[in-house]
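J.: Counting in numbering that gives the first Met the number 0, the sequence shown runs from 0 upward without gaps.
Take the hints with a grain of salt, since some may be wrong.
[As the list claims (entries may be wrong)] Each computed SDA-like pair below joins lysine to any residue, with the alpha-carbon atoms no more than 25 Å apart:
(1) Lys-126 / Glu-24
(2) Lys-108 / Gly-77
(3) Lys-17 / Asp-109
(4) Lys-104 / Lys-126
(5) Lys-17 / Asp-5
(6) Lys-17 / Glu-27
(7) Lys-17 / Arg-50
[To be verified] The following label-pair restraints were derived from C-beta to C-beta distances:
(8) Ile-88 / Ser-16: 17 to 23 Å
(9) Gly-67 / Thr-36: 35 to 41 Å
(10) Phe-45 / Glu-125: 22 to 28 Å
(11) Glu-125 / Thr-22: 15 to 21 Å
(12) Gly-34 / Glu-102: 19 to 25 Å
(13) Phe-87 / Ala-14: 49 to 55 Å
(14) Gly-48 / Ile-107: 17 to 23 Å
(15) Ser-82 / Ser-2: 42 to 48 Å
(16) Glu-118 / Val-138: 39 to 45 Å
The hints are simulated quantities; they were obtained by calculation from the structure and are not laboratory data. Glycine included, C-beta positions come from ideal geometry on N, C-alpha and C.
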Amino acid sequence: MESGTDIHHLKVGQAYSKDVVITGERVELFARASGDTNPLHLDDEFARGTRFGQRVAHGMLTGGIIGGILGTEFPGFGTIYLSQEIKFILPVFIDDMLTIKLEVKEIIKDKNRLVLSVEVANQRGEKVAVGTAVVLPPVPE
Numbered sequence: 000m001e002s003g004t005d006i007h008h009l010k011v012g013q014a015y016s017k018d019v020v021i022t023g024e025r026v027e028l029f030a031r032a033s034g035d036t037n038p039l040h041l042d043d044e045f046a047r048g049t050r051f052g053q054r055v056a057h058g059m060l061t062g063g064i065i066g067g068i069l070g071t072e073f074p075g076f077g078t079i080y081l082s083q084e085i086k087f088i089l090p091v092f093i094d095d096m097l098t099i100k101l102e103v104k105e106i107i108k109d110k111n112r113l114v115l116s117v118e119v120a121n122q123r124g125e126k127v128a129v130g131t132a133v134v135l136p137p138v139p140e
C-alpha cells in the first residue's frame, strides 16, 4: 500500500472533491456500527410523520465519510485525523448525492499538520455541512 501525500507536496489553496451517494444501506450500516437506531434514520413510516417527511441520514455519517476521504484519498494513506469542527446546516436524505470539498487552509510544517476547510453540498448545490479538519499527514519517506 502506498503512502498518501506528505506535507512537502501540498500547498495552501490545494483542493480535493468527491461525490458520494447516501444510500439506505449506508445509513443502516452506520446505525448498526454507531448504535444510533433513532427511527428518524431507519423507519420510513415514522420519518414521514416528522417535520422532515422522510428518513434523514445521521449527521456523523457525513463526518465519517469525510474521515474516510482523509485517510484514504486526500491527503491519503497514513493520515491521522486529529480533530473536526462541523456544523450541520441542512438535513441529508436517503439517495442524496453529496459533494465533499476539502481545501488546505494552513500548513503547520514544524508540527506536520494541515488545517483543511470542509464543505458538503447536496445535489441541488445547497450546503448541508461546513467545518474545519486538522490532520497529521503521512511523514515523508
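J.: Determine for every hint whether it applies to the structure shown.
T.: Hints, verified against the model:
{"no.": "1", "hint": "Lys-126 / Glu-24", "verdict": "holds (23 Å)"}
{"no.": "2", "hint": "Lys-108 / Gly-77", "verdict": "holds (17 Å)"}
{"no.": "3", "hint": "Lys-17 / Asp-109", "verdict": "violated (29 Å)"}
{"no.": "4", "hint": "Lys-104 / Lys-126", "verdict": "holds (19 Å)"}
{"no.": "5", "hint": "Lys-17 / Asp-5", "verdict": "holds (20 Å)"}
{"no.": "6", "hint": "Lys-17 / Glu-27", "verdict": "holds (22 Å)"}
{"no.": "7", "hint": "Lys-17 / Arg-50", "verdict": "violated (29 Å)"}
{"no.": "8", "hint": "Ile-88 / Ser-16: 17 to 23 Å", "verdict": "holds (18 Å)"}
{"no.": "9", "hint": "Gly-67 / Thr-36: 35 to 41 Å", "verdict": "violated (22 Å)"}
{"no.": "10", "hint": "Phe-45 / Glu-125: 22 to 28 Å", "verdict": "holds (24 Å)"}
{"no.": "11", "hint": "Glu-125 / Thr-22: 15 to 21 Å", "verdict": "holds (19 Å)"}
{"no.": "12", "hint": "Gly-34 / Glu-102: 19 to 25 Å", "verdict": "violated (33 Å)"}
{"no.": "13", "hint": "Phe-87 / Ala-14: 49 to 55 Å", "verdict": "violated (22 Å)"}
{"no.": "14", "hint": "Gly-48 / Ile-107: 17 to 23 Å", "verdict": "violated (48 Å)"}
{"no.": "15", "hint": "Ser-82 / Ser-2: 42 to 48 Å", "verdict": "violated (22 Å)"}
{"no.": "16", "hint": "Glu-118 / Val-138: 39 to 45 Å", "verdict": "violated (28 Å)"}
Hint violations for this structure: numbers 3, 7, 9, 12, 13, 14, 15 and 16, all remaining hints satisfied.
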